[in-house]
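**Q** Each protein sequence line maps, in turn, to chains A and B. Under the UniProt record's numbering, think of the first position of the first sequence as 1, with each following residue one higher. Under the UniProt record's numbering, think of the first position of the second sequence as 1, with each following residue one higher.
These are computed hints drawn from the structure, not numbers from a lab. Keep in mind that a hint or two might mislead.
Stated by the list, open to error - Sample of chain A residues facing chain B (criterion: CB under 8 Å; computed from the structure): (1) L7; (2) E9; (3) I213; (4) M214; (5) G218; (6) A219; (7) S220; (8) Y223.
Glycine is no exception: its CB is placed at the ideal position from the N, C-alpha and C atoms.
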Amino acid sequence: MRAQFVLSEIGVGLRRNLTMTFAVVVSVALSLALFGGSLLMSDQVNTMKGYWYDKVNVSIFLCNKSDAESDPNCAKGAVTDDQKGQIKSDLEKMTVIDSVTYESQDEAYKHYKEQFGDSPLASSLTPDQMQESYRIKLKDPEKYQVIATAFNGRDGVQSVQDQKGLLDNLFELLEGMNVAALAVMALMLIVALMLIVNTVRVSAFSRRRETGIMRLVGASGFYIQAPFIMEAAVAGLIGGMLACGFLLVGRYFLIDHGLALSEKLTLISFIGWDAVLTKLPLILATSLLMPALAAFFALRKYLKV
Amino acid sequence: MIRFDNVSKAYPKQNRPALRDVSLEVERGEFVFLVGSSGSGKSTFLRLVLREERASQGQVHVLGKDLARVSNWKVPQIRRQLGTVFQDFRLLPNKTVAENVAFAQEVIGKSRGEIRKSVPQVLDLVGLGGKEDRMPGELSGGEQQRVAIARAFVNRPKLLICDEPTGNLDPQTSVGIMKLLDRINRTGTTVVMATHDQNIVDQMRKRVIELEQGRLVRDQARGVYGYQH
């Protein structure tokens, strides 16, 4: 088998039907970019979960004066020091709890101003309209229910809020979007594969004279098929490299510069370059192997050996 | 070289079988003409020898191997030991004469050095020395067929199969081609040639095998073309 012979045939073959080669390259690039993108999105969600689940806490909000007037949970009035003391000692006895911090109304007011200082509501608020709260860090964030059952409905407790629950909603949304992206990717992949099969079919047909002669002269099946498979692999690889390019550029423009989300959304910890770089070999390998396999099976159908 | 044992071949969806119970043997070094009207089964016979088709019944032995037992991926190896020449020459139009002949050696993995030596040699043999860089489109029919013969012969096969090689050629050129094939036969290569060409068969007086409607009707050493029923 002569490598040079095969390589020159690849170049000729790809150029012969440039439009179809282009279509294969683009469809592979898009589907693999989506694939990489959704992998990165999963990574991102996992990173955020890891970061935030550490920081979230269960909050027990205590009744203040305005709650006492409006909220049915606080029908018995604003929280008393006794009740607060009771809550605190109960909390200290619970083994599922890692730590407890108390936030006073002044502190709550200060935090509110920091986060929402610009909103029109902030200027009209006063500290005693804020709620006191106990911020609880659980050893196992899943054990929210324990706190809820223990403290919900107690005198002086306005509500028990699980911040993790809020985050869960966000993450579910993100993961849902990811699934949608994967569905689109699957469709694109099918399109790419069908394009490859069709390209190989047309290519095999237009070269039937040469392949016929090769067959009669005793070339092995592998030798006859190799140019087609390698054409598909090379076209796929170019698509794969494009997909990698998309991902790298995407991260650059979305996160670092351009939209610069990492500066604007400081709450979110973004995945690093290493997350992107580790995906690249997988994408390149897929872009090489998948078209090669597709071409192989297309040849079995459309090329007589 | 070739042995047919009660071989029959029927193509699907056709009423009449292409070959019916054909048994014959071709020995090494023979020159055999295969004659018969169109549809008599000549091409089918050759296709069976080349393993382009498989026999419906009976055994086909080529170069000592039972073709039915040979697995698909071993077939190319057998074909490398055969040379084939066709009526329509079957040259690659985008390659030069030398490249066309070299093709047969490239696909079996011969080194460039070997090819550079053997191609001019075989082109001289067929009388095309000096025409290495011409394209098939620039050559006459006779010259193109010589290129095809050079390609078939360059690997020194034991058996040369020719399917109406003079079919597209004028009588005078045909004679030239036949002389070439005769010379090749005398080097020890077995030649089996299907043909319509009455004059050639009559002139050369080699073994004649006649097929009619798929049956072997005549097998005559030093025979003539004419139907002698």
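**Q** Give a verdict on every hint.
**A** A quick look at each hint next to the structure:
no.: 1; hint: L7; in the structure: violated (13 Å)
no.: 2; hint: E9; in the structure: violated (11 Å)
no.: 3; hint: I213; in the structure: holds (6 Å)
no.: 4; hint: M214; in the structure: holds (6 Å)
no.: 5; hint: G218; in the structure: holds (3 Å)
no.: 6; hint: A219; in the structure: holds (4 Å)
no.: 7; hint: S220; in the structure: holds (5 Å)
no.: 8; hint: Y223; in the structure: holds (6 Å)
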